[in-house]
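Take the sequence shown: its position 105, counting from 1, is numbered 105 in UniProt numbering, and each next residue is one higher.
In case anyone wonders, no lab produced these hints; they're calculated from the structure.
Misleading hints may appear alongside valid ones.
SDA-like cross-link-like pairs, simulated, lysine to any residue; straight-line CA separation at most 25 Å [what the hints assert, rightly or not]:
| # | residue 1 | residue 2 |
| --- | --- | --- |
| 1 | 252 | 221 |
| 2 | 65 | 8 |
| 3 | 252 | 226 |
| 4 | 264 | 289 |
| 5 | 151 | 163 |
| 6 | 3 | 151 |
| 7 | 280 | 266 |
| 8 | 150 | 260 |
| 9 | 38 | 62 |
| 10 | 53 | 161 |
| 11 | 162 | 146 |
| 12 | 201 | 133 |
| 13 | 279 | 155 |
| 14 | 279 | 256 |
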Amino acid sequence: MQKQSSFKGSPISGTLYLVPTPIGNLQDMTYRAVETLKTVQLIASEDTRNTQKLLNHFEIKTPQKSLHEHNFKERVPELITLLQQGINIAQVSDAGMPSISDPGHELVVACIAEEINVVALPGATAGLTALIASGLNPQPNYFYGFLPRKKSEQLTVLNTLKNEMATLIFYESPYRLKQTVANLAEVFGSRQAVICRELTKVHEEYLRGNLVELASYLAENAVKGECCLMVAGSSGSRKDDVSAETAMLSLKEQVENLVKTGMKPNQAIKTVAQNNQVKKQVVYKNYHEILESAD
1 MQKQSSFKGS
11 PISGTLYLVP
21 TPIGNLQDMT
31 YRAVETLKTV
41 QLIASEDTRN
51 TQKLLNHFEI
61 KTPQKSLHEH
71 NFKERVPELI
81 TLLQQGINIA
91 QVSDAGMPSI
101 SDPGHELVVA
111 CIAEEINVVA
121 LPGATAGLTA
131 LIASGLNPQP
141 NYFYGFLPRK
151 KSEQLTVLNT
161 LKNEMATLIF
171 YESPYRLKQT
181 VANLAEVFGS
191 RQAVICRELT
201 KVHEEYLRGN
211 LVELASYLAE
221 NAVKGECCLM
231 VAGSSGSRKD
241 DVSAETAMLS
251 LKEQVENLVK
261 TGMKPNQAIK
271 TVAQNNQVKK
281 QVVYKNYHEI
291 LESAD
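Please work from the sequences and hints to get the whole structure.
Structure representation (structure tokens):
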């Protein structure tokens with residue numbers, strides 16, 4: 001067991017401050033975050049060039065050292081030594097919270113192992129900010145972050161999450177969003193979902209609908225900017241996960257909507273059969289308009 005008293009006593013070593021930075025709008029920088037960056041002796045930055053723009057805007061003169069996924073093995077020991085010498089260090093990522101889909105966790109773990117105080121400042125984070133305006137149930141929620149890039153690996157992960165009853169939160173690149181939403185529709189069916197892009201910026205936009213509708217939209221419309229993707233949790237019944245609007249569509253129309261997203265007809269037929277809890281042959285015959293032969 002270990003006990004940390006963040007603001008009591010006089011620790012021999014320095015303190016690591018985890019400082020969130022704006023995810024788009026510079027006005028989201030807090031007074032405390034600015035003051036912390038001014039008073040520490042060093043800033044550990046994911047990208048020093050990007051952070052320098054922020055420092056220039058707030059007239060912060062504190063020097064930086066880079067700390068990212070490619071150099072953390074060498075840099076973390078250096079930073080631990082400085083902290084043990086009494087140097088206070090602030091850690092920042094390019095946007096939002098350090099360690100949340102960004103570098104930082106390794107330094108935190110190393111500090112805890114060396115009994116160096118770690119103090120987190122509250123501030124901007126994309127996932128929860130987008131969630132509370134999404135219209136989806138905010139509690140409980142399950143933050144996943146970035147899914148694997150390869151389709152096979154992504155489908156494997158999604159299949160492990162399809163029975164999760166919490167609202168799911170993903171981050172995604174605009175270049176992979178189309179395929180990711182199509183994969184979600186393939187695994188989750190027509191569950192409600194929301195895409196938020198360019199959060200806090202002038203072009204902030206929310207796209208709300210079911211996964212099939214969103215996949216169909218993305219098949220014909222490109223999106224720009226970093227995206228936060230939220231999907232309603234499972235209701236506990238596959239049939240209940242199908243929206244009322246989708247339930248009103250014929251089986252043929254449901255298959256056609258999935259095919260429009262780029263899904264192959266055979267997979268679309270299988271997905272619609274699962275969503276509606278009917279045999280695959282029934283959907284196949286509806287889609288291909290095969291009439292039952294008379295006895």
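Against the structure, the hints come out as follows:
Pair hint residue 252 plus residue 221 holds up; C-alpha atoms about 24 Å apart against a cutoff of 25 Å. Restraint check for residue 65 and residue 8: not satisfied, since their Cα atoms lie roughly 28 Å apart, outside the 25 Å limit. Taking the CA atoms of residue 252 and residue 226, the gap is about 34 Å. The hint is violated against a cut of 25 Å. Under the criterion of a C-alpha separation no larger than 25 Å, the hint pairing residue 264 with residue 289 is consistent with the structure, at around 18 Å.
For the proposed pair residue 151 and residue 163, the alpha carbon gap of about 20 Å is at most 25 Å, so the pair holds. Proposed proximity of residue 3 and residue 151 is contradicted: the alpha carbons are some 44 Å apart, above 25 Å. The hinted pair formed by residue 280 and residue 266 meets the criterion: a straight-line CA distance of about 9 Å does not exceed 25 Å. Between the alpha carbons of residue 150 and residue 260 the distance comes to roughly 21 Å, so the proposed pair stays at or under 25 Å and holds.
A hinted pair counts as satisfied when its Cα atoms are at most 25 Å apart, and residue 38 with residue 62 qualifies at roughly 6 Å. At most 25 Å may separate the alpha-carbon atoms for a hinted pair to count; residue 53 and residue 161 exceed this at roughly 39 Å. For the hint linking residue 162 to residue 146, the alpha-carbon distance of about 16 Å falls within 25 Å, and the restraint holds. The hinted pair formed by residue 201 and residue 133 meets the criterion: a straight-line CA distance of about 15 Å does not exceed 25 Å.
Using a Cα cut-off of 25 Å, the hinted pair residue 279 and residue 155 holds, with the two alpha carbons roughly 22 Å apart. About 17 Å separates the Cα atoms of residue 279 and residue 256, which keeps this hinted pair within 25 Å; it holds.
Taken one by one, the earlier hints fail for this structure at numbers 2, 3, 6, 10, listed in ascending order.
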